[in-house]
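*Asks:* What follows is the residue order along each chain.
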Amino acid sequence: MAKIGVKISGDIALVHAAGRITLDEGSSNLRESLRGLIEEGKNKIVLNLSKVKFMDSSGFGALVECYTSARKHGGDLRIASPSFKVIDILSLTKMDKIIKSYNSENEAIKSFAK
Amino acid sequence: MSESINTAQGLKTQLKLARKKIRHLTSLLEATNTLSSTLDLNRLLELIMDFATKDLNAERSTLFLLDRKRNELWSRIAQDLEIREIRLPVGTGFAGWVAKTGSIINIKNAYEDPRFNREIDKKSGFRTQNVLCAPIWNSSKELIGVMQVLNKKHGSFTKEDEEFLIALSKQVSLSLQNAILHRDALEKKKMEEEIKLAKEIQASLLPQKVDLADNLEISTTCIPCEAVGGDSYDVIPIDRTHVGISIADVSGKGIPAALLMVNIQSAMRVIAPQHDSPSMAVESLNKSLCGNVPAGLFVTLLYCILDISKGYIYLCNAGHPPAIFVSHNGKARPLYRGGVILGVMGDAKYEHEKIPYKPGDTLVMFTDGIIEAMKKNGDAFGLERLTKVIEKTSSLCPDDMRQAILQEVSRFIGNKMSFQDSPPQDDLTLVILKYKNTASTDFAAEKLTIPSSIKEMRKVDLKTERFARKHGLNRLETHRLCLAVHEAVLNAIIHGNRGNPKCDVKIIFESHPASLRVSIKDHGEGFDAPSRRHPKRSPRTREWGLDLMKSSMDSVDLRKHHDGFEVILTKNIRRRSHGKNRR
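Going line by line, the protein sequences match chains D and E.
Numbering-wise (the numbering used here), the first sequence opens with residue 1 and increments by one.
Numbering-wise (the numbering used here), the second sequence opens with residue 115 and increments by one.
For the record, the hints were derived by calculation from the structure and aren't laboratory data.
One thing to keep in mind: the hints can contain errors.
Stated by the list, open to error - With the C-beta cut set under 10 Å, the calculated list includes, among others, these residues of chain E facing chain D:
(1) Ile234
(2) Leu590
(3) Leu597
(4) His600
(5) Leu662
(6) Asp668
(7) Asp671
(8) Leu672
(9) His675
It should be emphasised that the depicted structure is a prediction, and the values quoted were computed from it without experimental measurement.
Don't be surprised by glycine CBs; every beta carbon is placed ideally from N, CA and C.
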């Protein structure tokens with residue numbers, strides 16, 4: 001089962017998603033968590049996807065939706081240490097050119113300070 | 115006193131001139147109205163010349179049109195004589211001189227002028243005295259003709275007559291241009307209609323719907339590059355268990371090639387039923403053609419006889435690109451055996467090849483238009499590329515295979531449209547014959563059937579991963595196959611079966627020598643229009659599915675069946691070292 005963890009550090013929301021982010025398991029959890037954060041005004045989001053075992057179009061759709069929404073509210077959604085399957089899906093959809101990814105959580109957090 | 119007489123005289127002359135001008139103007143107006151009433155060129159020429167003759171009080175007028183290609187003036191009408199065509203080179207005679215220089219001439223005595231061509235008078239028996247001749251220009255200031263008026267009845271042509279002829283030539287110019295364009299358009303239309311008819315006749319000679327034995331499927335197409343072409347195919351029943359199939363290409367295109375092709379097709383229909391050996395039939399055809407093929411044209415042909423009861427193909431190749439035989443295990447082999455092109459050597463000998471024909475086997479015959487289809491940079495599609503496409507699609511039914519091949523060729527040459535909408539550079543002909551597979555499990559195949567519930571997805575993913583690993587896919591390719599199958603199965607559950615758990619989804623995993631194929635079948639009508647069928651569903655949640663399948667697979671084929679919809683995912687097997695296989 002997918003696990004979603006949220007930690008707030010200053011104005012940055014740090015979200016950990018792990019396991020299957022798929023229509024049958026975790027994609028709606030991820031979508032709800034991210035939507036909630038954006039509604040609360042926490043729209044600078046670092047999404048750690050290092051432990052994602054599988055992500056399908058539904059999980060990916062949630063990610064893209066929340067990325068768009070965060071940007072619209074003046075924030076951003078940045079990915080930290082994506083697993084190789086996440087890297088592959090970003091590259092297959094060419095979204096790797098649009099959504100920023102960082103090798104580590106720290107780098108992703110620091111990127112918001114710039 | 116004498117002054118007033120002078121004034122009276124002057125007024126009289128002026129009045130006379132003014133009246134003449136009014137008459138000319140009225141006449142011009144009348145001419146304009148009448149001329150715009152017809153588009154018939156011959157009638158128009160007659161009308162114009164009538165006007166000129168009458169208004170200038172002359173004996174005869176001729177309107178010459180310029181034939182730019184031959185640099186000649188021609189006229190179809192000489193009044194009072196029968197209708198015939200006169201032609202004279204630009205530069206000779208008065209009209210020729212006007213055409214060359216573009217200036218008007220008014221000659222009082224023709225016989226004293228060195229430009230006069232006495233020959234014309236000699237031929238016609240007419241005696242030319244004085245001549246008024248003016249050029250006709252079109253709107254882009256190009257000369258389109260010359261108007262020539264002969265023999266003023268009283269005296270010679272005046273300055274006013276010159277002005278009138280110039281004015282008339284301006285008036286007739288537009289009407290003439292319209293009539294010329296109209297004539298050209300009519301001629302073109304007539305030609306097009308004739309070609310269209312020829313095309314219909316030719317198409318009707320090709321067998322449209324072919325029914326062979328129950329276990330044989332055939333798919334054919336013949337797309338001419340011009341309205342009529344030099345390619346053809348035919349299916350000729352020989353007896354209860356034998357059928358002849360031919361495909362031929364006449365060198366050259368258009369009507370001459372099409373005529374020869376019709377000749378060959380009829381000859382073959384007579385010859386084929388007399389032979390149970392294709393090489394003998396081809397030898398006989400070759401003999402009958404020699405001496406009848408116009409110089410510079412030749413014919414290539416593939417002829418095969420299918421023994422339906424014993425399961426053999428006998429094939430003879432007369433200088434044609436090879437037929438491609440794909441056995442049920444997906445391996446393709448080109449067939450060349452036969453002899454030289456037809457119609458060149460009357461005593462040429464031919465041989466044929468005997469190939470066992472088993473369920474799942476496919477025979478593809480084509481003309482060079484397929485392999486010689488060219489990109490703008492001159493790269494041809496080629497036999498190798500065609501063979502690959504055939505191998506990749508050999509598990510499809512012949513109609514789908516045909517479509518896939520044409521699509522591939524079209525994509526290769528950079529066509530945005532299908533060949534049906536935009537004609538190819540060369541005639542394209544394709545005949546695909548398939549011995550139907552009684553079961554689709556002839557390959558190394560594994561099956562998984564699940565109820566329509568997304569709770570089954572984990573099972574599907576696990577099964578796909580094991581299948582991919584077992585057949586040697588690396589980590590990245592395994593992920594891509596898993597992703598594509600996952601998306602296809604989700605679509606089948608949600609859109610195809612609409613989540614009805616009583617409807618199942620059948621997944622068949624097949625391993626072929628050069629590819630892995632996964633077929634996902636549901637009971638729906640396809641998911642090509644999800645937005646129409648699921649208007650309330652947010653497109654964001656699903657729109658990546660098909661994209662992901664397409665970008666992660668080598669091919670995604672969508673097939674509609676009477677009882678559902680099938681997606682066939684193909685992943686070519688590449689044996690490369692781990693981690694280096696980014697596409």
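*Asks:* Once the shortest beta carbon distance from aspartate 668(E) to chain D is found, is it less than 10 Å?
*Replies:* 13 Å, violated
*Asks:* Close enough to count: is the Cβ of histidine 675(E) nearer than 10 Å to one in chain D?
*Replies:* 25 Å, violated
*Asks:* Taking the least C-beta to C-beta distance, is leucine 590(E) closer than 10 Å to chain D?
*Replies:* At 6 Å from the nearest chain D Cβ, leucine 590(E) passes the 10 Å test, so the hint holds.
*Asks:* Under 10 Å, Cβ to Cβ, is where leucine 672(E) needs to be relative to chain D, so tell me if that hint holds or is violated.
*Replies:* Leucine 672(E) check fails; min Cβ-Cβ to chain D is 17 Å, beyond 10 Å.
*Asks:* Identify whether the interface hint at histidine 600(E) stands, where standing means a beta carbon of chain D within less than 10 Å of its own.
*Replies:* 5 Å, holds
*Asks:* Can leucine 597(E) be said to touch chain D, with a Cβ gap under 10 Å?
*Replies:* 7 Å, holds
*Asks:* May I ask you to test the interface hint for isoleucine 234(E) with respect to chain D, counting a Cβ-Cβ separation under 10 Å as satisfied?
*Replies:* 79 Å, violated
*Asks:* With chain D as the partner, please determine if leucine 662(E) meets the hint condition of a C-beta pair closer than 10 Å.
*Replies:* This interface hint holds because 6 Å falls under the 10 Å limit.
*Asks:* Would you check whether aspartate 671(E) satisfies its interface hint, that is, whether its CB is within less than 10 Å of any CB in chain D?
*Replies:* Since chain D brings no Cβ nearer than about 19 Å to aspartate 671(E), farther than 10 Å, the hint is violated.
Violated hints, in rising order: 1, 6, 7, 8 and 9; the structure is consistent with all others.
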